[in-house]
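J.: Below are the chains, spelled out letter by letter.
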Amino acid sequence: MSDDGIHAVGAYAPGLRVAAEEFAEAWGSFEAAGIETKAVPEADEDALTMGWEAARRALAAGDVDVADVDWLGFATTNPPMAEDDPTVRLGSFLGVADDVTRQTFTGSTRAGTRALFAAMDADTDGLALVVAADCPRGEPSDAHEHAAGAGAAAVLVGPDAPAPVTDRAEYAEPYPGTRFRRAGRGEVEGIEVTSYDREAFRETLAGAVDAVDAPDDPDAAAVQAPDGGLPYRAAGAMGLDNGTIHTCATVQDLGDTGAASVPLSLATALADGTETVLGVGYGSGGGADAFVVEAGESVPADLALDGGTDLTYAEYLRRRGDVTSGEPNGGAAYISVPTWKRSIPQRHRLVAGRCPECGSLAFPPEGACPDCRSLVEFEPVELPDTGEVEAVTAVSRGGEPPEFAVQQQKSGEYGVAIAAFEADGESVSMPLQVVGAETSPDVGDPVATVVRRIYTQEGVIRYGRKARVEDGA
Amino acid sequence: MRDAYLIGAGQSDYGSFPGESYRSLFRTAFENACDSVPAGIESEDVDEAIVGTLGVGGRQLGLPGPAVTEHVGLHGIPVTRVENACAASGYSVRQGVQAIRSGMADVVLASGVEIMTDVSGDAVRYWLGVSGETEWERLSGTTFAGVYAQMASRHMQEYGTTREQLSHVAVKNHENGAKNPHAQLGFECSLEDAMGAPTVADPLNLYHCCPTTDGAACVLLASEDVVENYTDDPIRVAGVGAGSDRVGLFQRDTYTAVPASQYAADRAYEMAGYGPDDLDFAEVHDCFAIAELMAYSDLGLCEPEEAGEFVASGTTKRDGEMPVNTSGGLKSKGHPIGATGAGQVVEAFKQLSGQAGERQLDDPQIGLTHNVGGSGGAAVVHVFERGLGGDAA
Chain H
1 MSDDGIHAVG
11 AYAPGLRVAA
21 EEFAEAWGSF
31 EAAGIETKAV
41 PEADEDALTM
51 GWEAARRALA
61 AGDVDVADVD
71 WLGFATTNPP
81 MAEDDPTVRL
91 GSFLGVADDV
101 TRQTFTGSTR
111 AGTRALFAAM
121 DADTDGLALV
131 VAADCPRGEP
141 SDAHEHAAGA
151 GAAAVLVGPD
161 APAPVTDRAE
171 YAEPYPGTRF
181 RRAGRGEVEG
191 IEVTSYDREA
201 FRETLAGAVD
211 AVDAPDDPDA
221 AAVQAPDGGL
231 PYRAAGAMGL
241 DNGTIHTCAT
251 VQDLGDTGAA
261 SVPLSLATAL
271 ADGTETVLGV
281 GYGSGGGADA
291 FVVEAGESVP
301 ADLALDGGTD
311 LTYAEYLRRR
321 GDVTSGEPNG
331 GAAYISVPTW
341 KRSIPQRHRL
351 VAGRCPECGS
361 LAFPPEGACP
371 DCRSLVEFEP
381 VELPDTGEVE
391 AVTAVSRGGE
401 PPEFAVQQQK
411 SGEYGVAIAA
421 FEADGESVSM
431 PLQVVGAETS
441 PDVGDPVATV
451 VRRIYTQEGV
461 IRYGRKARVE
471 DGA
Chain C
1001 MRDAYLIGAG
1011 QSDYGSFPGE
1021 SYRSLFRTAF
1031 ENACDSVPAG
1041 IESEDVDEAI
1051 VGTLGVGGRQ
1061 LGLPGPAVTE
1071 HVGLHGIPVT
1081 RVENACAASG
1091 YSVRQGVQAI
1101 RSGMADVVLA
1111 SGVEIMTDVS
1121 GDAVRYWLGV
1131 SGETEWERLS
1141 GTTFAGVYAQ
1151 MASRHMQEYG
1161 TTREQLSHVA
1171 VKNHENGAKN
1181 PHAQLGFECS
1191 LEDAMGAPTV
1201 ADPLNLYHCC
1211 PTTDGAACVL
1221 LASEDVVENY
1231 TDDPIRVAGV
1241 GAGSDRVGLF
1251 QRDTYTAVPA
1261 SQYAADRAYE
1271 MAGYGPDDLD
1281 FAEVHDCFAI
1291 AELMAYSDLG
1301 LCEPEEAGEF
1311 VASGTTKRDG
1321 EMPVNTSGGL
1331 KSKGHPIGAT
1341 GAGQVVEAFK
1351 QLSGQAGERQ
1361 LDDPQIGLTH
1371 NVGGSGGAAV
1381 VHVFERGLGG
1391 DAA
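Heads up: the protein sequence lines correspond to chains H and C, in order.
Using our numbering, the letters of the first sequence map in sequence onto residues 1 to 473.
Using our numbering, the letters of the second sequence map in sequence onto residues 1001 to 1393.
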């Protein structure tokens, strides 16, 4: 397996940003060293939707047919549901086959590197897709919360790779209390004994690095970054200089990305054309993983990590749901889970139907053909990701159905477009909420679809497609 | 086939009435309808009743028909509830005409009732979305304001329709509603007021949207065999047409017209033997300003690209060539969903019988009512004319 390694990388971070100064103004100080801005998930984003964003970019960058993926791993410390396998829906978003091996890695920020190691160990004929996505939270006054960012990275792993993983090792030493999340809680916390925290981080990382056959002077080091200070405090113990870590660090821009931290830095390094990368992941408790990537050739990469919209601290609290009310009275559109399940190919992948009688497209593909009115069984047709706006509105407060009231409290006005999608010369239309910085496209503008949360009913998160205005529109 | 005639019609006040129930509002409308019959009418004359209601708020979702007819002393007769969203009672009038034309009834009460204002704003927004396409359209985040706003966006893009032209619908309808004692928002508004209102769903602002309303309306229909027992000034139901379409806007062939309205109008004109040029007035379904503009062209009053100018030029004002919504329309008179279609017929009755008070047109002979369900999943059009008309004329 010496030539097993990385074929392509993708990465994504939400476009929303909040600056350290916003926290300093609100709290009098900012408690997360070395972080200038951090990425903030939109109200309808979570680890799963961010993971899809990264995964589709890795597949596109590597020009990989999703049918060639036969192992799927998803790593996060914040799965959208405490129990409910996220890889099933992630696989459905992406369209991977029903019988591929799926594994979830969670419970520690080390989950991202654990997933990478598991992919290396998976005995697969095709490619393994490792997806790490995270969006940690803490209590508002807590340093973990000040650091908490968001982002996702995906790595395609398999034989005959342009960037082989030449060695890997792990190391564990019990350090309870350094960073933990209680059962049933959403916020991470720690005992906040600074010297103890630093020692745990330094010793476990150095232990793992000592155990790999690492080059003396790697071009870049993708080091776990709970904040923008700790990695550099451990640099000496790992035999690294600060610049080697900084060259592929993302924490200063995205914040603490938890299980996605090392994969994001690895993706950044490989996208920059770096040849030798040392990866070092840390999970509280404490344990560490280290690995070495020797990129003989350039690695295809598609990274979408730029910020787009700056938030005030108040807007940040709205996005987090700290200052919004719960679900309103009035009720939501009731769509039973079995009914929803029947529409999942349409919700997740825009599978339309072609009429076998007249060739017209139907969406959703059920009932009589919209054109020839024949009662037919439609042939599945996967629509392209991009369509064109045919009609549009921007829904202000008071214009939304109650099930979108909380989303609107968090994110404000949203757009809703009817967009047309073409396949083989036929066109079909669907209504889509418009997300992103530009929520009011004009009729005729191109939009791309993205996977987001639609709403939650009966405790079940319903995911589906929304639209984002294409760049240059 | 026997002709059907409008012998009486009445409505409750439209508005927000914490002191009223759906039964008490229905009673008021029923009594007003009975009082409007020139030669009078007794409860026992009514052979059958049809009640249109959506059931906003969830009150009496099952058997709302007998719940109101028994309340007003119509005992033991066949009663049917019609639910076709905002076109519920337009369809109940149509069903009443069918009952008479078929020979199964001689006198029919066609009616509608709705209470919408005794629930929270969130709850009413829930109910305002239940007649849209639920699985896709609603879950894109729209209620009807959003869906009609999408139509408006397309109309503006395709035909150059402007926000100001849309606002003229509000100005005109408020001017009429100010002269209707039953109107919910019976005040005039300036173009400046109408244009400066807060946005609900861009490009539609608050003055491009009708209110939510409590109210009831009742229409009394009689066959040609008995009409002379009730009036010497009969109003004939000359034409009835109805049509349907896909419930979701995104599923339709056009976003700048309501095909169900076109089907309904074509059928009503064909039955009546009249066309748009023969009309002296029309009551159209202006739930949103764009809906009135689309109604102009769907009913054949003008071309789609002329609709904006049609209102802005004053053509559809009360003193214009083609008065539309002399009652104030849904915008000013109000829109108690299940009562709206029958309420439009109340206005047609008042105009054709010369009882429209300050807003009375000069001796109108032929009028049309146009009632749409949802964003166009259902529509129904009636053409009324003064006199016995038809074969009896």
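By construction, these hints were calculated from the structure, which means they are not laboratory data.
Source: prediction; values computed, not measured.
Take the hints with a grain of salt, since some may be wrong.
The calculated DMTMM-like cross-link candidates involving lysine to aspartate or glutamate, where the alpha carbons are at most 20 Å apart (straight line), are [said to hold, decoys possible]:
1) Lys410(H) x Asp1122(C)
2) Lys1179(C) x Asp1278(C)
3) Lys1317(C) x Asp1278(C)
4) Lys341(H) x Glu1135(C)
5) Lys410(H) x Glu470(H)
6) Lys1317(C) x Asp1362(C)
Sample of chain C residues with no beta-carbon within 10 Å of chain H, all distances over it, derived [to be verified]:
7) Gln1251
8) Asp1278
9) Gln1365
Here a beta-carbon is modelled for each residue, glycine too, at the ideal position from N, C-alpha and C.
J.: Given the hinted pair Lys1317(C) and Asp1278(C), is their Cα-Cα distance within 20 Å?
T.: Between Lys1317(C) and Asp1278(C) the Cα gap is close to 17 Å, so the pair holds against 20 Å.
J.: Are all C-beta atoms of chain H more than 10 Å from that of Gln1365(C)?
T.: holds (39 Å)
J.: For the pair we were handed, Lys1179(C) and Asp1278(C), check the Cα-Cα distance against 20 Å.
T.: Given that 20 Å is the threshold and the Cα spacing comes to 25 Å, the pair is violated.
J.: When you check the alpha-carbon spacing of Lys341(H) and Glu1135(C), does it fall within 20 Å?
T.: holds (12 Å)
J.: Please verify whether Lys410(H) and Glu470(H) have alpha carbons no more than 20 Å apart.
T.: Violated - the C-alpha atoms of Glu470(H) and Lys410(H) are around 23 Å apart, more than 20 Å.
J.: Can we confirm that no CB of chain H comes within 10 Å of the CB of Asp1278(C)?
T.: holds (33 Å)
J.: Keeping to a limit of 20 Å between CA atoms, is the pair of Lys410(H) and Asp1122(C) held or broken?
T.: OK: Lys410(H) and Asp1122(C) at ~17 Å, within 20 Å.
J.: For Gln1251(C), is the shortest CB-to-CB distance to chain H above 10 Å, so the non-interface label stands?
T.: violated (6 Å)
J.: Regarding the pair Lys1317(C) and Asp1362(C), is the alpha-carbon distance no greater than 20 Å?
T.: Since the Cα atoms of Lys1317(C) and Asp1362(C) sit roughly 13 Å apart, the hinted pair holds (cutoff 20 Å).
Consistency with the previously given hints fails for numbers 2, 5, 7, ordered from lowest to highest.
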